[in-house]
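Chains as they are written, first to last, in the numbering used here: chain A, 1 to 372; chain B, 373 to 688.
Hint data in this document are derived by calculation from the structure and do not stem from the laboratory.
By construction, the Cβ of each residue, glycine as well, lies at the ideal position given by its N, Cα and C atoms.
Among the hints, erroneous ones may be present.
Below, a sample of chain B positions facing chain A; criterion: calculated Cβ distance under 8 Å [what the hints assert, rightly or not]:
| # | residue |
| --- | --- |
| 1 | GLY574 |
| 2 | LEU576 |
| 3 | PRO580 |
| 4 | VAL592 |
| 5 | SER595 |
| 6 | VAL681 |
| 7 | LEU682 |
| 8 | GLU683 |
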Amino acid sequence: MSIELINISKTYNGSDFILSDISVKIETGEFFAIVGPSGCGKSTLLRMIAGLIPISNGQLKIDGKDVTNLPPQERALTMVFQNYALFPFLNVKDNVAFGLKARKMANSEINTRVNHALELVNLTDFIDRKPGELSGGQRQRVALARAIASDAKICLMDEPLSNLDAQLRNKMRSEIRELQQKLGLTLIYVTHDQVEAMTMADRIMVLNDAQTQQIDSASNIYDTPSNTFVASFFGTPQMNLIPITLKENNQLSAIEISLKFSIIKSLKAGNYLIGVRPNALSIDLESNETNAVVTNIEYLGTHSIVHAQLDNSQEIRIETSSKRNLSVDERISVSVTGSHYVFSEDGQKLLNTNGGYTDGNSSKEPQLQYSI
Amino acid sequence: METQAKNPNFNIVSKKKKSVDLSLGYNPYAKDKRYAVLFLGPSLLILAIFVFYPMLRTIYLSLFLTNNLGKPTVFIGLKNYFSLLSSSSYINSLIATLIYVIAVSIFTIAIGLILAQTATKKIAGINFFRTVFSATMGVSVSVAAIFWLFIFNPSVGLLSQLFTALNLTPINWLTEPGWAMTAVVISTVWMNLGFTFLIFFGALQSVPYTLYEAAQIEGVSKSYQFFHITLPMISPTIFFVSIITLIESFKSFGLIDLMTAGGPNNATNLLVYRIYQDAFLNGNYGLASTESVILAIIIAIFTFIQFKVLEKRVTY
Numbered sequence: 001m002s003i004e005l006i007n008i009s010k011t012y013n014g015s016d017f018i019l020s021d022i023s024v025k026i027e028t029g030e031f032f033a034i035v036g037p038s039g040c041g042k043s044t045l046l047r048m049i050a051g052l053i054p055i056s057n058g059q060l061k062i063d064g065k066d067v068t069n070l071p072p073q074e075r076a077l078t079m080v081f082q083n084y085a086l087f088p089f090l091n092v093k094d095n096v097a098f099g100l101k102a103r104k105m106a107n108s109e110i111n112t113r114v115n116h117a118l119e120l121v122n123l124t125d126f127i128d129r130k131p132g133e134l135s136g137g138q139r140q141r142v143a144l145a146r147a148i149a150s151d152a153k154i155c156l157m158d159e160p161l162s163n164l165d166a167q168l169r170n171k172m173r174s175e176i177r178e179l180q181q182k183l184g185l186t187l188i189y190v191t192h193d194q195v196e197a198m199t200m201a202d203r204i205m206v207l208n209d210a211q212t213q214q215i216d217s218a219s220n221i222y223d224t225p226s227n228t229f230v231a232s233f234f235g236t237p238q239m240n241l242i243p244i245t246l247k248e249n250n251q252l253s254a255i256e257i258s259l260k261f262s263i264i265k266s267l268k269a270g271n272y273l274i275g276v277r278p279n280a281l282s283i284d285l286e287s288n289e290t291n292a293v294v295t296n297i298e299y300l301g302t303h304s305i306v307h308a309q310l311d312n313s314q315e316i317r318i319e320t321s322s323k324r325n326l327s328v329d330e331r332i333s334v335s336v337t338g339s340h341y342v343f344s345e346d347g348q349k350l351l352n353t354n355g356g357y358t359d360g361n362s363s364k365e366p367q368l369q370y371s372i
Numbered sequence: 373m374e375t376q377a378k379n380p381n382f383n384i385v386s387k388k389k390k391s392v393d394l395s396l397g398y399n400p401y402a403k404d405k406r407y408a409v410l411f412l413g414p415s416l417l418i419l420a421i422f423v424f425y426p427m428l429r430t431i432y433l434s435l436f437l438t439n440n441l442g443k444p445t446v447f448i449g450l451k452n453y454f455s456l457l458s459s460s461s462y463i464n465s466l467i468a469t470l471i472y473v474i475a476v477s478i479f480t481i482a483i484g485l486i487l488a489q490t491a492t493k494k495i496a497g498i499n500f501f502r503t504v505f506s507a508t509m510g511v512s513v514s515v516a517a518i519f520w521l522f523i524f525n526p527s528v529g530l531l532s533q534l535f536t537a538l539n540l541t542p543i544n545w546l547t548e549p550g551w552a553m554t555a556v557v558i559s560t561v562w563m564n565l566g567f568t569f570l571i572f573f574g575a576l577q578s579v580p581y582t583l584y585e586a587a588q589i590e591g592v593s594k595s596y597q598f599f600h601i602t603l604p605m606i607s608p609t610i611f612f613v614s615i616i617t618l619i620e621s622f623k624s625f626g627l628i629d630l631m632t633a634g635g636p637n638n639a640t641n642l643l644v645y646r647i648y649q650d651a652f653l654n655g656n657y658g659l660a661s662t663e664s665v666i667l668a669i670i671i672a673i674f675t676f677i678q679f680k681v682l683e684k685r686v687t688y
C-alpha cells in the first residue's frame, strides 16, 4: 500500500510549526526511513501518519484514499515502538494476540496468526514467557511478531533498535530488512542513526528544523547532499566544512596554505563553504611543504582518523589507512584527493560537486584549481 | 578463603592474630555483634516499649479480671473470650464492623480509581481538580467530623435542605440506625479519598503511554483498554491500597466517636469503639484486652486471605 503525504504540517499553538509542508509519496513495499536529530519532529510525523496525533494542515492518503481524519484502526497499519510497548502481565503469546483478541477474532484464526508470526521471528520456544524474562532483542522480536500478526501491510517503526546494544542492533537491522522483504511490507522507519537509515532504507527523508532537507536514496544523499546539514549528518566521521572567500578576479583570499581543490569558473565572487569528506583528504608523508599540525589521532584498526589544524587555524579530520605512525604536534602535508562540494555561505544550498554542476548537466565549463 | 590458605604468609599472620585475640578473651566476630547491637538497639528499644510490651501485656490482661486501675486481679483463663463470642451485642458489633469495613474498602477503591482516571485527562484546569481530589489528605479527623455533622444535621444540614428543596422527606442521618451507618461510611470514604487518589494517580501516570498507543492502533476500545491494560498494570497498587484501607477501616475510631459515639442503638458501635468504651468508660480492662486480641486476629485473617486471593491476580 502506498502512502502519500501532501503538505503536512503540525502546530500546537497555530504559529510555531513543529513540522511544516512535509510532502512525499512512499511506494508500496518501500522501506522508507525518516532521519533527523532528536527534536526534529520525526516521531511526531510518524504518529500523525499512525493517527495517534491529529494532523494540523495538509492531507494524508493511503492507497489514494484520504485518511487525514480517520482514527488509527481504520488506516490499516501497525506500529513498533522504541520501548516495545509490551504488556508485562501477559506472556509472549498473549502479547502477540492482544489486538486480535480485542477485535474478537476467532480463536483458531488467532492461533494460526500468532504461531506464524512467532515462527517468523524465531520465538516459538518462548511463547509462555513474560516480557520480564526475555532479553532486549527477544522483546523487540515480540513487538515485531505483534506487528506481523495484525496482518497490516503498512508498518511504522519508531526507533525500534535504539534500546539495544550495538552488536544486537546490527543483527536486528538485517532481520527487520529481511522480514520487510519477505512480507512485502511498506515500512516507515524513524531513527536518529544515519547508519541504520543508510543500511536499511530504500529511500531516506532527512528532517531538520521542522522541514524536509532531502528525500533520496542512501547513495544519492551521500554523494550529493543538498545542504551542509545533510552533508555533515551522513557519513562518519563528519564532513569537513571549510569557509573560503572568492574575490572578483577568481582569486582566493588566503593562498598561503596548499589544500588543492577545483571549482567552476562561473562562480561569483563571495563567501562559500567547501565540503570535503575525511576520506577525500590525504596526507602526503613525502612532501616537505607542510600545511597542518596533528592534534589528535583515533586509531580504528583498518584506518585512523587524524584530527589536524590547518595553518589558517581551521580544524579538519582526515581518514587515513597509512601504517606509518603519526604523532601529535607533528607537521603534515594535507591535500584534497577525492570529491568535494561547494556550498553557499549559509550552507543551505549545494552549488556544485567536484567542480561540476549538481543538476546533472555535468560541467563542461573550465574549472579553476585553487589552493587555500 | 582458598586463596588465603595458599598464601603461607597470610596463615602465619592470621594464626598470630588469633592467638592474640584469644589471649584477650574474645573472638574476632564479637566486634561485629557489638556493632549490630549498637545500630539495632535504639529501634529495638522503642519497639519493645511501645509495641512488644503492650502487645504481650494485652494478651496477658485478656486472661484476667481487672480492677478499674487496669491491675489484674483474678485469673479466669479464656472465659473473657467465651463470654464475648456468645454475647449477641458483641456479635452485632462484629457484623457492623464487617459491613463498615467492606463498604468503606469497596467505595474508597472504586471512587479513588475513578477520580484518578479522570485526573489523568489533559483538559484545562485539571491541576485544580487534582488538588481538590487530594485535599482530604490535609483535613484532620475532628474537622472532617464537624464538617460532616453540619451536612448531616437534620434541620439546618446541607443534605436536609437539598432534600426539602427537592420535595423529599429529609432523612435523620445520624439518629436512624441504617442511615447512621451510611453516614459514617460516607464520611470515612471521603476522608480516605485524598490518599487513595494520590496513590492511584501516581500509578496511572507510570503506565507507559505507548501501551495505549499500541492498543489504539489495533483498534482496541477505551473500555477494553481500561480493563485489559490499565487495571492489570496498576494491580500491585490496587492490592496495596486495598490492604491499607482494610486495616485502617478496621481501626476506625475518630469519626465514629465524634459523629455517632457508637449509636444510635449501637448501630455504629464498631469493634475499636467498643474497646474504647469497655476500657476507658467502663473500666473493664481485661475484657477490652480480649476484644483487642480478637480484633488483631480478625485483621490478620483478613490480610492473609487478601494476600492469598489477590496475589494470584497481581501477576507481574
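**Prompt:** Can you list which hints this structure breaks, lowest number first?
**Reply:** Of the numbered hints given earlier, those the structure breaks are 1, 2, 5, 6, 7, 8, listed in rising order.
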